[in-house]
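S.K.: Below are the chains, spelled out letter by letter.
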Amino acid sequence: MAFAGLTADARIVINRARVECQSHKLTVEDPVTVEYITRYIATLKQRYTQSNGRRPFGISALIVGFDDDGSPRLYQTDPSGTYHSWKANAIGRNAKAVREFLEKNYKEEAIATDRETIKLAVRALLEVVQSGGKNIELAIIRRNQPLQIFSAKDIESQVAEIEKEKEESEKKKKKSI
Amino acid sequence: AGRIQLLHGTTTLAFKFRHGVVVATDSRASSGSYISTLQFNKVIEINPYLLGTMSGSAADCQYWERLLAKHCRLYALRNNERISVSAASKLLANMLGEYRGMGLSVGSMICGWDKKGPGLYYVDDNGTRLSGPMFSTGSGNTYAYGVLDSGYRPDLTVEEAYALGRRAIAYATHRDAYSGGVVNMYHMKEDGWIRVGRTDVSDLLHAYTEAKQ
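Respectively, the protein sequence lines represent chains A and B. With the working numbering applied, the first sequence covers 2 to 178. With the working numbering applied, the second sequence covers 150 to 362.
Please note that the accuracy of each hint is not assured.
What the hints assert, rightly or not - Within a straight-line C-alpha distance of at most 25 Å, the following computed SDA-like cross-link-like pairs (lysine to any residue) qualify: (1) B/LYS264 / A/VAL65; (2) B/LYS264 / A/ARG143; (3) B/LYS265 / A/ASP115; (4) B/LYS264 / A/LYS97; (5) B/LYS219 / A/HIS25; (6) A/LYS26 / B/GLY281; (7) A/LYS26 / B/HIS323; (8) B/LYS219 / A/ILE38; (9) B/LYS219 / A/ARG143; (10) B/LYS264 / A/PRO32; (11) B/LYS265 / A/THR28; (12) B/LYS265 / A/GLU21; (13) B/LYS264 / A/CYS22; (14) B/LYS264 / A/GLU36; (15) B/LYS265 / A/SER152; (16) A/LYS26 / B/GLY276; (17) B/LYS265 / A/ARG143; (18) A/LYS26 / B/ASN275; (19) B/LYS219 / A/VAL65; (20) B/LYS265 / B/GLU339.
The hints are simulated quantities; they were obtained by calculation from the structure and are not laboratory data.
Let's have the full structure, built from the sequences with the hints guiding it.
M.R.: In structure tokens form, the structure reads like this:
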């Protein structure tokens with residue numbers, strides 16, 4: 002789960018989700034589907050918009066994973082408690098710009114290989130992140146494998162590669178003129 | 150002081166084989182030495198792909214298994230997919246577990262067919278929940294196990310499996326005073342269960358005796 006908003010609120014939601022994942026496994030003997038846990042989190046958030054003495058959770062979340070049958074899933078929730086399934090999305094202060102970038106650039110070729118997909122994600126963030134690789138975190142989740150968080154070095158090398166490609170495409174443009 | 154207890158005497162059985170799960174029960178409901186019902190259906194049809202058998206207290210079994218049916222339906226509505234046999238049996242086991250030591254009497258087998266194939270679980274009022282290829286419950290279960298164990302092969306044909314189930318129930322009713330009536334049989338297949346039929350036990354036993362001559 003990736004979130005945007007109040008970190009303290011996020012910790013509460015994450016903890017509730019973790020407990021529910023175990024509870025589900027205990028009572029139903031199957032791991033949760035991504036949709037189920039998203040629905041649980043969304044229901045939790047909605048409850049806090051409709052009871053006294055409480056304020057809504059100040060986070061939007063992107064919930065990512067694989068179902069038991071191997072299909073990859075991406076869901077987005079917001080403080081109102083709604084949730085939707087997405088192929089690509091962004092949350093946070095500059096989400097609009099990143100989303101527009103993805104709308105333009107999320108294509109079959111761009112997600113054909115792991116390398117290309119990583120580049121797409123980094124390029125999307127570089128649109129809105131000032132100081133480049135230092136302020137980017139990247140993680141990949143692959144089917145039946147634990148979450149892989151990229152080291153700062155790997156991210157820097159990705160950013161460097163992207164900058165180089167940008168320069169080369171600018172040079173080509175200049176030449177063609 | 151007598152508590153009226155229906156259905157304590159029973160023989161039910163279920164076994165997995167290549168072509169699914171066969172479920173067979175007798176049909177006698179007794180309160181003490183009085184036969185209260187001659188033809189009692191001890192199989193609850195939870196939904197087209199889940200069956201539950203009853204032994205112990207008729208009231209308890211009926212109530213809790215119907216409640217299970219309600220939960221299974223809600224699960225399907227909420228999650229847009231059928232509940233697994235494993236989950237359904239776990240729901241029942243957890244419900245019964247909450248009343249542990251308070252006098253519930255339920256010995257049930259939950260049978261179905263889900264994504265993982267044919268499923269068979271034994272669940273009882275102690276909180277026991279076991280998965281297995283063959284179970285028999287009730288006062289006549291020992292007699293049924295004898296016949297089942299000697300005749301069972303995983304590659305039985307459908308007709309052979311029906312015959313084995315019938316024979317096990319019939320001979321159990323022969324020796325157990327609290328079992329009798331008719332053999333109620335179901336067959337759980339990939340696309341759901343079918344009701345195979347009901348055969349009178351005395352007809353079966355006569356046929357078996359004649360075959361021996």
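S.K.: Next, verify each hint and record whether it holds.
M.R.: Structure-based check of all given hints:
1. B/LYS264 / A/VAL65: Distance ~24 Å between B/LYS264 and A/VAL65 Cα, so the pair holds.
2. B/LYS264 / A/ARG143: holds (23 Å)
3. B/LYS265 / A/ASP115: violated (32 Å)
4. B/LYS264 / A/LYS97: violated (41 Å)
5. B/LYS219 / A/HIS25: This hinted pair holds, its Cα atoms lying about 19 Å apart.
6. A/LYS26 / B/GLY281: holds (20 Å)
7. A/LYS26 / B/HIS323: Distance of about 44 Å is beyond 25 Å: violated.
8. B/LYS219 / A/ILE38: Roughly 22 Å between the alpha carbons, so the hint for B/LYS219 and A/ILE38 holds.
9. B/LYS219 / A/ARG143: violated (37 Å)
10. B/LYS264 / A/PRO32: Holds, because 14 Å separates the two Cα atoms, which is no more than 25 Å.
11. B/LYS265 / A/THR28: holds (17 Å)
12. B/LYS265 / A/GLU21: Distance of about 23 Å is within 25 Å: holds.
13. B/LYS264 / A/CYS22: holds (21 Å)
14. B/LYS264 / A/GLU36: holds (18 Å)
15. B/LYS265 / A/SER152: violated (39 Å)
16. A/LYS26 / B/GLY276: holds (18 Å)
17. B/LYS265 / A/ARG143: holds (24 Å)
18. A/LYS26 / B/ASN275: Since the Cα atoms of A/LYS26 and B/ASN275 sit roughly 22 Å apart, the hinted pair holds (cutoff 25 Å).
19. B/LYS219 / A/VAL65: violated (32 Å)
20. B/LYS265 / B/GLU339: Holds, because 11 Å separates the two Cα atoms, which is no more than 25 Å.
In this structure, the hints that do not hold are numbers 3, 4, 7, 9, 15, 19, in rising order.
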